[in-house]
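> One-letter residues, chain by chain:
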Amino acid sequence: MLSWHNRRALAGLLFVLPTWLAWLFWTLGPAVSTLGVSLSSWNLVQPPKLVGLSNYARLVGDPILLLSLRNSLIYSFVFVPIGVVTALCLAILIDGRTRLREYYRVAYFLPVVTSAAATSILWRWLYQPSVGLINTALGLVGISGPSWLNDPETALLSVGIMGIWQELGFLIVLFLAGLQSIPPSLHEAASIDGANPLQRVWYLTVPLLRPTALFVSVVSMAGAFQVFVQIFIMTKGGPAYASSVLAYYLYVNAFQRFEMGYAAAIAVVIFLLVLAITLVQLKLFRQAEAD
Amino acid sequence: MADATAVRSVPAARERGAHLEPGALGLNALLAVGSALMLLPFVWMVLSSFKTQYEILTNPPTFFPLEWHPENYVTAWTIAPFGTFYTNSLVVAVTTTLSALLFGSMAGFGFAKHRFWGDRFMFVCILTNMMIPIHVTLIPRLYIAKEMGWVDNLLGLIMPELVTTFGAFLMTQFMQGIPDELVDAARIDGAGEVRIYWQIVLPLVRPALAALAIFRFMWSWNDFLWPVIVIHSTEHKTLPIALAYFEEDHRTNYNMLMAAATFIVLPVLVVFFAMQKQFVAGITMTGLKG
Chain A
1 MLSWHNRRAL AGLLFVLPTW LAWLFWTLGP AVSTLGVSLS SWNLVQPPKL
51 VGLSNYARLV GDPILLLSLR NSLIYSFVFV PIGVVTALCL AILIDGRTRL
101 REYYRVAYFL PVVTSAAATS ILWRWLYQPS VGLINTALGL VGISGPSWLN
151 DPETALLSVG IMGIWQELGF LIVLFLAGLQ SIPPSLHEAA SIDGANPLQR
201 VWYLTVPLLR PTALFVSVVS MAGAFQVFVQ IFIMTKGGPA YASSVLAYYL
251 YVNAFQRFEM GYAAAIAVVI FLLVLAITLV QLKLFRQAEA D
Chain B
1 MADATAVRSV PAARERGAHL EPGALGLNAL LAVGSALMLL PFVWMVLSSF
51 KTQYEILTNP PTFFPLEWHP ENYVTAWTIA PFGTFYTNSL VVAVTTTLSA
101 LLFGSMAGFG FAKHRFWGDR FMFVCILTNM MIPIHVTLIP RLYIAKEMGW
151 VDNLLGLIMP ELVTTFGAFL MTQFMQGIPD ELVDAARIDG AGEVRIYWQI
201 VLPLVRPALA ALAIFRFMWS WNDFLWPVIV IHSTEHKTLP IALAYFEEDH
251 RTNYNMLMAA ATFIVLPVLV VFFAMQKQFV AGITMTGLKG
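The listed protein sequences derive, respectively, from chains A and B. Counted from 1, the first sequence has number 129 at position 129 by our numbering; the numbering is strictly sequential. Counted from 1, the second sequence has number 90 at position 90 by our numbering; the numbering is strictly sequential.
If you're looking for bench data, these hints aren't it; they were derived computationally from the structure. Treat the hints with care, since some could be wrong.
[Unchecked claim] In silico EDC-like cross-links for lysine to aspartate or glutamate, where the CA-CA straight-line distance does not exceed 20 Å:
#: 1; chain 1: A; residue 1: 236; chain 2: A; residue 2: 102
#: 2; chain 1: A; residue 1: 49; chain 2: B; residue 2: 147
#: 3; chain 1: A; residue 1: 236; chain 2: B; residue 2: 249
#: 4; chain 1: A; residue 1: 236; chain 2: B; residue 2: 147
#: 5; chain 1: B; residue 1: 277; chain 2: A; residue 2: 151
[Said to hold, decoys possible] Every beta carbon over 10 Å from chain B, so not counted as near; a handful from chain A, in silico:
#: 6; residue: 57
#: 7; residue: 61
#: 8; residue: 105
#: 9; residue: 108
#: 10; residue: 145
#: 11; residue: 146
#: 12; residue: 213
#: 13; residue: 222
#: 14; residue: 242
#: 15; residue: 263
#: 16; residue: 288
Predicted model, so just to flag it, every value in this text is computed and none were measured. Glycine is no exception: its CB is placed at the ideal position from the N, C-alpha and C atoms.
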């Protein structure tokens, strides 16, 4: 017979167990298996053949992989920071308003909840070079717009702009929550001391938002390595792989060419990049706390 | 409907001394223009969906349709079996949402109100899940689904998504806010753990359940990558992947495409407008989108 104390502990364990077992079965198990698959040659049907590190050797010599890696890094380290800074500015502006606050939050947030499949098709239509809305609008002010998705020079940029549009509201909501935690009395004290609004934003709001900004940046930079739908629908990684990213190239290798071993090696690269970003974040957090 | 004021960490938008003086008309204008730019694509989507195929490719394009053609929606609905796609999407979204509520709240109760051997370790496991990108698990997941006979049927979409670590995390966060005294008092009164969970804890976390439900529903409704890998036949497709294939067959029929996109987006927008407070609360509690 279990004591009441042990029975309660057992109950706790049983409440948690389904979630933990599901994690073991659908996440940890598969993640570890992927590591094993990356050392093999496998088409999902025949038994896998062990090939050592040759998939990794192939990564280094594959120009399309290197291009996809470069594009993923551009997405994560250029497009995402632009989005984060834009969101920060907009959040500070929205927080200052009280009347239209709800409207702005909804307007900026709407793209976040809509299906990326639908918005990708929508944006392909907006980017249409001759009769698309964007080039028509540019034409009105005398600019002849580029071919956007059809031009290797601008394809990745086009995907990035659309990505920022889709994510902006999510970032703004996080920043608005951060702004809520700044006590209004600080602003009052600063204005009594004669600080003008711009000084208050720069010397008060921005430093106090640093933890939020750090968190937001890391979540979205890590998330950027998983961008897939936009590329699948708008460009198929093209033209000439100009807009391919790691996640898309993994899909092509795994589920169109059935080269599971090589695709698993790409998955390991994605994992290591996300891990590196997360570890840097932890370090920065500790530093920020120590300050 | 859950009362959003009960959501702890999100105080209602308070009136406060604006940081930027109201005289800053330019800044207001900037925000207004920005929000118009955010919404314009949706306006264009809906306007385009009412145009004829001829009008849509006219150069220069018209903004408002010359004639409104609501029958585009009927045509789009019938040239592909969108009724089936809708049903599939609903079945998957409702099933995974209900099970996320059940398992998420169970795990939350376990973690927040019990101490047992390995509890910390299990919680950390669940947190690491958010660091492991879905791409790292795709290939073995497909293998499992294949071995189980779940490929190309709705079980393949439902089974891996029955439990979400996000749900466990969100519910743990909320349930930690319930005073231990409340749970202990019920225990002293002789209530069993299941009864405490069902009759005391669950009613207290209704706002969190609402937030989790919306997230889960939206996530499932919009999910693309896994369905496109697991589902091949038309009769099992969900809306987003059906839309992608519809697009490949009708690449320049933008009026049809925009009509189809509109009826995919609509249900989520309705849910969002009805429950946007819970949405925002869920994001600010976890910093994640589900």
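> Against which earlier hints does the structure fall short, listed by number upward?
1, 4, 5, 8, 9, 13, 15
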